[in-house]
Each structure stands twice: as C-alpha cells, then as structure tokens.
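**Q** Using the numbering used here, read the sequence shown as starting at 8 and increasing by one per residue.
Rather than coming from a laboratory, the hints here were simulated on the basis of the structure.
Keep in mind it's a predicted model, so treat the numbers as computed, not measured.
Be aware that a few hints might be false.
Each computed DSBU-like pair below joins lysine-lysine, with the alpha-carbon atoms no more than 30 Å apart [stated by the list, open to error]:
no., residue 1, residue 2
1, K19, K79
2, K90, K238
3, K19, K164
4, K101, K90
5, K96, K19
6, K90, K16
7, K16, K134
8, K79, K238
9, K134, K238
10, K101, K240
Label-pair distances were calculated between CB atoms; the ranges are [said to hold, decoys possible]:
no., residue 1, residue 2, range
11, F167, L76, 29 to 39 Å
12, D84, K238, 20 to 30 Å
13, D153, K79, 43 to 53 Å
Note that beta-carbon positions come from the ideal geometry of N, C-alpha and C, so glycine has one too.
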Amino acid sequence: MIEPEFHWKDAKQFSWLQVFLAFAIPSAVGFFGFHYVLPELHEGGMPAIVAWPLVASIMLLPLTIVPVLMMKREATDLNISLKARMCLKSLSGKEWLIALGILIIGLIAAAGLGSLSAVWSEFSGLKVPEYFPFFLNPAIDPMTADPAALTPGFVLKGAFWLVGLMLITLFLNILVEELYFRAWLLPKMQNLSVTPWLVNGLAFAFYHIFQLWLLPQILPLSLLMAFVVYKTKSIWPVFIIHLLTNSLTGVAMFMLIMG
C-alpha cells in the first residue's frame with residue numbers, strides 16, 4: 008500500500024504576521040532565558056558551562072513537543088501519516104548526494120566565517136556576555152586555550168556528567184530546529200510573496216537575536232538548510248548533518264573533560 012504524500016500546499020498556510028510570531032515568540036523566550044534567567048543563575052554562583060545547557064534544555068523541551076502535537080493534528084486533518092507530515096520523506100541516492108553536498112558547503116562556509124564572527128562582534132559592539140559558555144565565543148579556540156580559563160570557577164576535568172547534560176541540550180536543539188522551524192513551519196510559508204526557504208532561512212538566523220555575535224556563522228547554514236528541506240521536502244539530510252555536527256561538539260567536550 009502506497010502511503011499518501013504530504014503536499015505542502017495542503018497545509019494551512021500562514022500570513023506574514025503568523026510567520027513573524029512563529030519566529031518572534033520563541034526568540035523572545037530565548038532572549039529572556041539567556042539574558043535574564045542565565046545571568047541570575049551565574050550571579051548566584053552557577054558556572055556558565057552548567058547554567059547555559061540547563062536553561063537551554065528547559066526552554067527547548069516545550070518546542071519539541073508542541074510541533075509534534077500540531078503536526079499530528081494536521082496529519083489527521085489531511086488524512087496522511089504523522090511521518091509524512093513531519094517531512095520524514097525517503098530520498099533517492101542522488102538526492103542524498105546533492106543535499107549532503109550542499110550542506111557540507113554550508114558547514115565549510117560556517118567554519119570559515121568563524122574568524123569573521125569575532126570581527127563582526129567587535130565591529131557591531133555585540134560582545135559575548137561572561138555568563139555565556141566558552142563554546143559560544145568565536146574568539147576562543149577551546150583546543151588551544153587553557154582548560155582552566157574556559158570554565159572559571161568550575162573544574163572541567165573529570166566532570167563526565169556534564170557530557171550527558173550537553174548531549175541532552177544538543178539533541179533537543181536538533182529536534183526544535185528540524186521539527187518546529189523546518190518540518191512544521193516551512194510548509195506553512197508557501198503563500199508568501201517571497202521564496203519560502205529564503206524567508207525561513209533569514210528569519211531563523213535572526214531568531215538567534217540572543218546571540219547575534221554569531222550571525223556570520225549562522226546565516227549561510229540557516230539559508231542552505233532551509234533550501235535543502237524546501238527542495239527535497241524532507242528533513243532527513245539536515246537532521247543527519249545536524250546530528251553529526253552536534254555529536255562532534257559532544258566528543259570535543261568529552262576530550263576537554265578527559266584533560
């Protein structure tokens with residue numbers, strides 16, 4: 008039996024205002040959490056390396072549940088499977104190669120623009136707050152920096168439980184970005200007067216208003232990820248690349264903890 012396909016035009020389409028709110032509300036929550044709650048915890052003595060993933064996970068969790076519930080209801084209305092509505096469409100080998108090639112270019116661009124983020128931060132005056140962890144500071148190379156300087160007031164070596172906390176945060180981050188911003192939201196942007204993937208990519212980049220000093224790194228990958236999902240109608244390639252990069256972050260953290 009052939010499973011009914013999800014045709015994006017069949018989804019309830021959003022107006023410009025609805026699209027704006029869909030990005031602005033999570034962005035406002037993130038800004039509040041990272042620039043009001045996080046500094047309070049840091050001021051109270053909690054190290055940034057612990058407080059940041061804790062705050063991030065609490066904010067991300069609802070955004071993993073809500074889009075799944077909304078897509079489940081929409082799948083029922085459209086008489087399609089939840090898998091189809093979640094844009095978990097299977098791809099051909101050729102589609103995989105093209106999609107992964109585009110995403111790898113995006114990763115290379117993001118990595119190459121790492122130094123530009125430091126310049127942008129200096130030029131724009133967008134300084135990295137001291138209550139943010141070292142891995143969100145483009146001026147710091149954790150592989151060459153003194154481990155003690157990376158986490159002031161916290162002994163990184165031997166804190167293996169931190170890897171678990173970081174992996175939870177990183178996985179929730181993947182689910183939110185792929186399920187909420189791409190699988191749920193991108194199909195609802197088909198009636199806009201501008202190319203949907205372009206709007207989605209730009210809006211997603213500026214959703215990160217709580218860490219705009221990383222904009223040069225975030226922007227190219229945001230655009231290419233939206234483009235790949237839009238063209239393939241599947242989040243699989245982006246999900247896999249995202250899982251790979253976040254896993255490497257987890258491995259790097261483990262190596263630092265090993266000392």
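**Q** Now, for every hint given, state plainly whether the structure supports it.
**A** Against the structure, the hints come out as follows:
Taking the CA atoms of K19 and K79, the gap is about 13 Å. The hint holds against a cut of 30 Å. For a cut-off of 30 Å, the pair hint linking K90 to K238 stands: about 18 Å separates their Cα positions. With a C-alpha separation of about 50 Å, the suggested pairing of K19 with K164 is violated against the 30 Å cut-off. At roughly 22 Å between alpha-carbon atoms, K101 and K90 fall within 30 Å of each other, so this suggested pair holds.
Annotation: proposed proximity of K96 to K19 holds, straight-line Cα distance about 19 Å (limit 30 Å). As the CA atoms of K90 and K16 are separated by approximately 17 Å, the hinted pair is consistent with the 30 Å bound. Using a Cα cut-off of 30 Å, the hinted pair K16 and K134 is violated, with the two alpha carbons roughly 42 Å apart. The hinted pair formed by K79 and K238 meets the criterion: a straight-line CA distance of about 23 Å does not exceed 30 Å.
For the proposed pair K134 and K238, the alpha carbon gap of about 36 Å is over 30 Å, so the pair is violated. The suggested pairing of K101 with K240 holds, with an alpha-carbon distance near 14 Å, which does not exceed 30 Å. Restraint check, F167 to L76: a C-beta distance of roughly 34 Å satisfies the suggested window 29 to 39 Å. Between D84 and K238 the beta carbon distance is about 25 Å. The supplied range of 20 to 30 Å therefore holds.
Take D153 and K79: their Cβ atoms lie about 49 Å apart, and the range 43 to 53 Å holds.
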